[in-house]
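Student: Chains A and B, in that order, give the protein sequences.
Under the working numbering, the first residue of the first sequence is numbered 49, with each subsequent residue one higher.
Under the working numbering, the first residue of the second sequence is numbered 4, with each subsequent residue one higher.
Note that these hints are calculated values from the structure, not bench results.
For each residue, glycine too, the CB sits at the ideal point set by N, CA and C.
Do not take every clue at face value.
Claimed, not checked - Cross-link-like lysine-lysine pairs, in silico, BS3-like; alpha carbons within 27 angstroms at most: (1) B:K46 with A:K177; (2) B:K46 with A:K214; (3) A:K294 with A:K278; (4) A:K50 with B:K110; (5) A:K113 with B:K46; (6) B:K113 with B:K46; (7) B:K46 with A:K114; (8) B:K40 with B:K113; (9) B:K113 with A:K50; (10) A:K213 with B:K100; (11) A:K214 with B:K100; (12) B:K46 with A:K215.
Said to hold, decoys possible - Interface residues of chain A toward chain B, partial, derived using beta-carbon atoms under 7 angstroms: (13) T111; (14) N112; (15) S201; (16) G202; (17) K203; (18) S206; (19) C232; (20) I235; (21) T239; (22) G240; (23) H267; (24) F268.
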Amino acid sequence: MKQITILSGKGGVGKSSITASLAIALSKHKKIICADCDVDASNLALVFGVEPKDYEEWASITTNKKARVDLSKCTSCKKCVEECYFKAIDWDSKKNIPVFKEFGCEGCGVCELVCPNKAIELYDVKNAKIGYGETKYGFTVVSGQLEMGESGSGKVVSAVKELAKKKAGDSDVMLVDSAAGIGCPVIASITGSDYVIGVCEPTPSGFADLKRALLVVGHFNIPYGIIINKYDINEEYSKKIEEFAKEKGAKVLAKIPYDKSFTDALVNLVPLIVFNPKFEALFDGIVSRLSCDGII
Amino acid sequence: MKIVVSSTGDSIDSQIDMRFGRCAYFLLVDVEDNEIKSVSAVKNEGAAQAHGAGVVAAQQVGNMKPDKLITGNLGPNASGIINQLGIETYQASGNIKDAVMQLAEGKLPKLENIVPGHSGVGNIE
Numbered sequence: 049m050k051q052i053t054i055l056s057g058k059g060g061v062g063k064s065s066i067t068a069s070l071a072i073a074l075s076k077h078k079k080i081i082c083a084d085c086d087v088d089a090s091n092l093a094l095v096f097g098v099e100p101k102d103y104e105e106w107a108s109i110t111t112n113k114k115a116r117v118d119l120s121k122c123t124s125c126k127k128c129v130e131e132c133y134f135k136a137i138d139w140d141s142k143k144n145i146p147v148f149k150e151f152g153c154e155g156c157g158v159c160e161l162v163c164p165n166k167a168i169e170l171y172d173v174k175n176a177k178i179g180y181g182e183t184k185y186g187f188t189v190v191s192g193q194l195e196m197g198e199s200g201s202g203k204v205v206s207a208v209k210e211l212a213k214k215k216a217g218d219s220d221v222m223l224v225d226s227a228a229g230i231g232c233p234v235i236a237s238i239t240g241s242d243y244v245i246g247v248c249e250p251t252p253s254g255f256a257d258l259k260r261a262l263l264v265v266g267h268f269n270i271p272y273g274i275i276i277n278k279y280d281i282n283e284e285y286s287k288k289i290e291e292f293a294k295e296k297g298a299k300v301l302a303k304i305p306y307d308k309s310f311t312d313a314l315v316n317l318v319p320l321i322v323f324n325p326k327f328e329a330l331f332d333g334i335v336s337r338l339s340c341d342g343i344i
Numbered sequence: 004m005k006i007v008v009s010s011t012g013d014s015i016d017s018q019i020d021m022r023f024g025r026c027a028y029f030l031l032v033d034v035e036d037n038e039i040k041s042v043s044a045v046k047n048e049g050a051a052q053a054h055g056a057g058v059v060a061a062q063q064v065g066n067m068k069p070d071k072l073i074t075g076n077l078g079p080n081a082s083g084i085i086n087q088l089g090i091e092t093y094q095a096s097g098n099i100k101d102a103v104m105q106l107a108e109g110k111l112p113k114l115e116n117i118v119p120g121h122s123g124v125g126n127i128e
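I would like the entire structure built from these sequences, with the hints used as guidance.
Tutor: Written out as structure tokens, the structure reads:
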């Protein structure tokens with residue numbers, strides 16, 4: 049099974065909208081499965097019209113630890129309060145006990161280390177749930193959702209991808225909607241990819257963030273292509289992106305004009321290509337370019 | 004020669020895990036005169052990390068003191084550590100026993116020498 053990952057670096061440039069439409073165009077020729085690895089803002093399933101209540105199952109996963117105290121062993125020495133770098137432990141001077149603040153705790157374990165009475169221990173917290181649902185378009189989408197106050201992590205992303213592999217059956221292609229940024233969750237998203245598609249808009253921040261994200265891709269020696277979204281809002285800048293692509297030997301897979309249908313499709317919980325069929329030719333073009341280059 | 008392999012399972016007949024930082028197991032294989040003398044498996048502690056899997060995995064491999072490493076690819080953090088430790092890294096996929104024998108016969112490509120086969124690869128700036 050081939051793995052194609054779609055990333056952007058910067059958020060809000062149309063990555064998930066493009067992923068959803070590409071998925072539908074691809075599914076005409078290949079058996080596919082989608083993995084939404086943008087767990088901080090997971091909404092690929094929503095773009096397909098799959099709401100959390102439609103999911104087949106949810107499973108909790110643990111990636112973090114938090115500290116708790118056994119007050120019967122506490123001698124009120126305050127060492128934990130003094131040493132907590134994240135100020136996640138308050139001192140209750142009336143009761144003379146430490147108060148652990150769940151959302152402040154990073155699970156670093158310093159309090160456990162400094163407590164002379166071994167009154168503090170770290171426990172596993174469930175900080176994400178992953179699940180899958182069937183889209184109306186004949187393929188499955190796997191998603192992860194973080195619990196309140198938790199951050200996206202490579203482990204959650206890896207869990208989403210592993211579930212997608214399990215559910216893939218005899219799929220030809222796994223389409224991965226990558227996390228934003230260039231850190232741990234992005235590395236986990238692109239690991240094992242055969243090809244990466246970078247989505248970019250012609251703005252200085254969009255281009256800068258894409259270049260940074262492609263640095264990570266370059267490290268893994270993974271070939272990539274670029275899609276310029278809203279290319280006509282700044283044609284001069286779009287040319288810069290095209291020149292950059294040429295310099296790197298990367299193909300510009302598509303230049304998508306600005307179109308209000310992008311927003312209208314999102315509002316109506318329908319992928320762009322279904323909402324406005326005039327985009328079908330454009331996405332079919334991307335599929336045939338990928339096919340010509342032997343990527344799918 | 005001691006070789007560490009990122010593995011999906013705990014035996015020499017397992018498949019290579021193409022991920023380094025989040026592979027399931029590390030296999031330590033001792034090869035002499037093109038013969039496998041011993042095999043042992045340890046769980047990769049990196050796989051359980053929320054963040055920084057590559058760093059933890061690289062530390063663990065460093066402590067196993069291998070001469071060579073076989074994996075699919077190294078992430079940016081892991082490769083920094085593995086390179087500093089001077090562990091030669093080779094790229095392979097598929098069956099571990101086959102890859103180890105190929106390495107012993109000098110037939111595996113070094114990871115740093117792998118030339119991308121497609122367009123759009125390269126260092127940016």
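Student: Take the hints in turn and mark each one as holding or not.
Tutor: Here is what the structure says about each hint:
1. For a cut-off of 27 angstroms, the pair hint linking K46 of chain B to K177 of chain A stands: about 24 angstroms separates their Cα positions.
2. With a CA separation close to 21 angstroms, the supplied pair K46 of chain B and K214 of chain A stays within the 27 angstroms bound.
3. Proposed proximity of K294 of chain A and K278 of chain A is supported: the alpha carbons are some 19 angstroms apart, at most 27 angstroms.
4. With a CA separation close to 26 angstroms, the supplied pair K50 of chain A and K110 of chain B stays within the 27 angstroms bound.
5. Restraint check for K113 of chain A and K46 of chain B: the C-alpha separation of about 20 angstroms stays at or below 27 angstroms, so the hint holds.
6. Of the supplied pair hints, the one linking K113 of chain B and K46 of chain B holds, its CA atoms being roughly 25 angstroms apart against a limit of 27 angstroms.
7. Note on K46 of chain B and K114 of chain A: the hinted pairing holds, with a Cα-Cα distance of about 23 angstroms set against a maximum of 27 angstroms.
8. With a CA separation close to 23 angstroms, the supplied pair K40 of chain B and K113 of chain B stays within the 27 angstroms bound.
9. Distance hint between K113 of chain B and K50 of chain A is fulfilled; the C-alpha atoms sit about 24 angstroms from each other, no more than 27 angstroms.
10. For the suggested pair K213 of chain A and K100 of chain B, the alpha carbons sit about 24 angstroms apart, so the restraint of at most 27 angstroms is met.
11. With a CA separation close to 25 angstroms, the supplied pair K214 of chain A and K100 of chain B stays within the 27 angstroms bound.
12. With a CA separation close to 25 angstroms, the supplied pair K46 of chain B and K215 of chain A stays within the 27 angstroms bound.
13. Taking 7 angstroms as the C-beta cut-off, the interface hint given for T111 of chain A holds, the closest approach to chain B being about 4 angstroms.
14. Checking N112 of chain A against chain B: minimum C-beta separation of about 6 angstroms stays under 7 angstroms; hint holds.
15. Proximity of S201 of chain A to chain B holds as hinted, the smallest CB-CB distance being about 4 angstroms (cut-off 7 angstroms).
16. A hinted interface residue such as G202 of chain A counts as satisfied when its beta carbon comes closer than 7 angstroms to some beta carbon of chain B; here the least separation is about 6 angstroms, so the hint holds.
17. Interface hint at K203 of chain A: satisfied, since its Cβ lies 5 angstroms from the closest Cβ of chain B, which is below the 7 angstroms cut-off.
18. Restraint check, S206 of chain A versus chain B: the minimum CB separation of about 5 angstroms is within 7 angstroms; hint holds.
19. About 5 angstroms separates the beta-carbon of C232 of chain A from the nearest beta-carbon of chain B, less than 7 angstroms, and the hint is met.
20. Hint status for I235 of chain A relative to chain B: holds, with the closest Cβ pair at about 5 angstroms, below 7 angstroms.
21. Interface hint at T239 of chain A: satisfied, since its Cβ lies 5 angstroms from the closest Cβ of chain B, which is below the 7 angstroms cut-off.
22. With a least beta-carbon distance of about 5 angstroms to chain B, the hint placing G240 of chain A at the interface is held under the 7 angstroms criterion.
23. Restraint check, H267 of chain A versus chain B: the minimum CB separation of about 5 angstroms is within 7 angstroms; hint holds.
24. The closest approach between the C-beta of F268 of chain A and any C-beta of chain B is roughly 5 angstroms, which is under the 7 angstroms cut-off, so the hint is satisfied.
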